[in-house]
Amino acid sequence: MNKIKVFSHQRLALLWTVFILILCTMKMPDSIGESGFFFTGFDKVVHLGFFFVLTILLFFGETKSQQRYNFGVSTIFKILLLTFTLGGGIELIQLKFFPYRSAEWWDLGADMIGVFMGIFAYILLNKSNYNEKES
Numbered sequence: 001m002n003k004i005k006v007f008s009h010q011r012l013a014l015l016w017t018v019f020i021l022i023l024c025t026m027k028m029p030d031s032i033g034e035s036g037f038f039f040t041g042f043d044k045v046v047h048l049g050f051f052f053v054l055t056i057l058l059f060f061g062e063t064k065s066q067q068r069y070n071f072g073v074s075t076i077f078k079i080l081l082l083t084f085t086l087g088g089g090i091e092l093i094q095l096k097f098f099p100y101r102s103a104e105w106w107d108l109g110a111d112m113i114g115v116f117m118g119i120f121a122y123i124l125l126n127k128s129n130y131n132e133k134e135s
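Okay, so the sequence shown: first residue is 1 according to UniProt numbering, each after it adds one.
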């Protein structure tokens, strides 16, 4: 399949990745944890949400690319590898280039929990959609 066509199907995932990179490298106000609106660990929930949405968008792009709802273990493995590399890369970038950001293993853990939640949700929802189309 044409590589440009594959990327066109992953356009939303690519835009979301850029959004994640921008937000994860921005300087956040020091008073963010003291405002009362945010709670301890709020950033982990944000990481989880970012990667949950990214996983759903990656599956959506793959489904559009293949023009079918059926996907294999290799697709799941590719998504796991890609998202782990992105999450780890963000933490390394924060560690090396942005002294006002902190690199934490827990952030990568939250990223991967979001990925696993996204995989589970997409498989569950597509399984029910696939079964409805067969009946």
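Among the hints, a few may not be true.
Within a straight-line C-alpha distance of at most 25 Å, the following computed PhoX-like cross-link-like pairs (lysine-lysine) qualify [to be verified]:
| # | residue 1 | residue 2 |
| --- | --- | --- |
| 1 | 78 | 44 |
| 2 | 44 | 64 |
| 3 | 44 | 96 |
| 4 | 27 | 96 |
| 5 | 64 | 78 |
Label pairs and their calculated CB-CB ranges [to be verified]:
| # | residue 1 | residue 2 | range |
| --- | --- | --- | --- |
| 6 | 19 | 121 | 28 to 38 Å |
| 7 | 104 | 67 | 17 to 27 Å |
| 8 | 120 | 19 | 34 to 44 Å |
| 9 | 26 | 109 | 20 to 30 Å |
| 10 | 121 | 99 | 19 to 29 Å |
| 11 | 14 | 97 | 16 to 26 Å |
| 12 | 82 | 25 | 26 to 36 Å |
| 13 | 22 | 105 | 30 to 40 Å |
Simulated from the structure, these hints should not be mistaken for laboratory data. Glycine included, C-beta positions come from ideal geometry on N, C-alpha and C.
Results for each hint:
no.	hint	result
1	78 - 44	holds (23 Å)
2	44 - 64	violated (30 Å)
3	44 - 96	holds (20 Å)
4	27 - 96	holds (15 Å)
5	64 - 78	holds (16 Å)
6	19 - 121: 28 to 38 Å	violated (20 Å)
7	104 - 67: 17 to 27 Å	violated (40 Å)
8	120 - 19: 34 to 44 Å	violated (23 Å)
9	26 - 109: 20 to 30 Å	holds (21 Å)
10	121 - 99: 19 to 29 Å	violated (36 Å)
11	14 - 97: 16 to 26 Å	holds (22 Å)
12	82 - 25: 26 to 36 Å	violated (19 Å)
13	22 - 105: 30 to 40 Å	violated (22 Å)
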